[in-house]
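Quick note, the sequences are listed as chains A and B, same order.
All you need for my numbering is the position in the first sequence, starting with 1, plus 1.
All you need for my numbering is the position in the second sequence, starting with 1, plus 351.
Treat the hints with care, since some could be wrong.
[What the hints assert, rightly or not] Just so you have them, the derived chain B footprint on chain A, three or more residues with Cβ under 8 Å: (1) 16-25; (2) 158-171; (3) 265-277.
The hints are simulated quantities; they were obtained by calculation from the structure and are not laboratory data.
For each residue, glycine too, the CB sits at the ideal point set by N, CA and C.
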Amino acid sequence: MNSKAYYGEYGGQYVSESLMNTLAEIDKAFEEAIRDPEFIKQYHYYLKEYVGRETPLYLAERLSEKYGTKIYLKREDLNHTGAHKINNVIGQILLAKRMGKTKVIAETGAGQHGVATATGAALFNMECTVYMGKEDVERQALNVMRMEMLGAKVVPVVSGSNTLKDATNEAIRTWAKTAEDTFYIIGSAVGPHPYPKMVKEFQAVISREAKRQHMEKEGRLPDVVMACVGGGSNSIGMFADFIDEKGVELIGIEAAGKGIDTQEHAASMAKGYPGILHGMRSYLLQDEDGNVQLAHSISAGLDYPGVGPEHAYLHDTGRAKYVPITDTEAMDALMELTQVEGIIPAIESAHAMAYAFKKAKEMTPDQSMIVCLSGRGDKDVNTISNYLAGKGYLN
Amino acid sequence: MSINRIEQRMAELQSKKEKAFITYITAGLPNMEATEEIIKAQKGYTDVIELGIPFSDPIADGPVIQQASYEALLGGASLKKTFELMSKLRSEGCEQPILFMMYYNTVVNYGVQAFAKKCQECGVDGLIIPDLPMEEQEDMLAALKGDDTTILIQLVSPVSAARIPEILDGARGFVYCVSAMGVTGQAADFHREVINYLKDVKSKSQIPVMMGFGIRTAEDVAPMKDIIDGAIVGSHFINLMRENSFKPEAAKEYVQNFKKELNAL
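Bound-form chain A, shown alone (with noise of 0.2 Å):
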């Protein structure tokens, strides 16, 4: 067993033997980058005049005196291509480049990792293709058109349930092929050693900023800093900085779908238990025989049955707390932030909004939360609409 690569019981590589020097391969090149001050560089070089960072950390004004306390927006929704997803793929592609790969793969359950992936490629000049499962590709239109407009090539995958988990399914086989010359840049925080780790590091941008931003403006850390978690990757880059200030609260939301007592929700921590997928030992939705079960979300981003390793630690430990918020509660705070604050956050980020509404009514006027707004909700508008129109939603 090689340690490193485990958070507790959590993690490791499980995959097939033609992937094993792969990882390797790739964990040696990113640990050596991220000592390496000019990579360093450019990967900050990059976040700044090209993604458009540092994102700003919005006091909002009006929630936090209808709700009683401070609330900060972390503001991912700003960054270039409308999410944090754009973080991790600067680091990632930087780092492909550096080991000279000519060829980028991703996949994509609602298109952002995707069209992130197809924007670094296209400004890396990289051939990119990305695995997304077919009814997503159907539901997700206007982000197959961004991704191939930037040159990508989108492979409809036809297996199993046909969304996010069978994409992923689809490019690490693709990957087990192609190695020599391809870079498989996972999006969340998921998949073998190193990926939690590199997206970890890759995103922990997010909370290096709003920590700073945090101190200057309130010259105190805040008490609680809550995101929504899919597979994790804004979430764990969101608490990165704040895990070892045991002071700070660290709130994961999971999308509860219907209800976490119905057979429809994406909760792997409140309802799964740990098991095997993607190269990783986590908390895994799945029935008696340990056949995955699909995950249901309003969210395409939070649709997943599995969880980041590192999560899975987190919450056993305790530092951590995960909870769950529902379609309907995510919707209705998508629709108060929007009309309260004149923004329109991604159907993800509403999960992380819902439930800070339920927790600021236990705090004072002079605590303060940070919660991070992963994306904006312009590629959501379908979906929304079909919601308020009453017609149930394209998921």
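Once you've looked at the hints, dock chain B against the given chain A.
Just chain B now, kept in the frame of chain A:
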């Protein structure tokens, strides 16, 4: 039990200077009864049968076995039913070496210790777990230790290179050489350095070396006949069974011919 059926068969083949022939079928495709008949039909020709335990997310398999797995699951196939089939076969005196090809979550879900014990009770001779590289095998090997009934088969790939000696250290039964990169069931466009790779594995291995992935006919392995000790046919066998409506006679005819041709190479 002190003798493992797979190791025993390998020893017999070695003394007869014959090559091993191994087939793969997905348990429960199209149903458990058909699987039982296809196993029985191969008696006397196939040296080892790989029974694939269907799983929802078979990341090491190509389209043919993915689809087989999916259909088997829809038909109600499961690990528990496959254990029942094994118990039945063994109680009827079937001595055919049989191993399970499966994904690690199926084992973890059952409980690693309980799973090992159940395999030993039901006479499962070996395990192939493609998403369990040597770094992650500690629990599985510990659970199997002390009883030779069930052994863990090791896989190597064309890019294993420096990892090969460590993988082979303590390996049992035979070593499964993946002949093409990636997943099962690709056409026979063998990896460009496949000959060198097989020679390398063979030179380092104390146990028989088998080649799998993408083989259809005995002729496909002719270029490597002086290196390898046997061949594994998976996706092609499933396609063939499908084309013949899973008739046991078709299985028998194919394995009979393959084994004959393999020995004649």
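To see whether the hints hold, each was checked on the structure:
1. 16-25: That given contact holds, which follows from 7 residues of the stretch 16-25 of chain A lying within Cβ reach (below 8 Å) of chain B.
2. 158-171: holds (count 5)
3. 265-277: Per the Cβ count (3), the hint holds.
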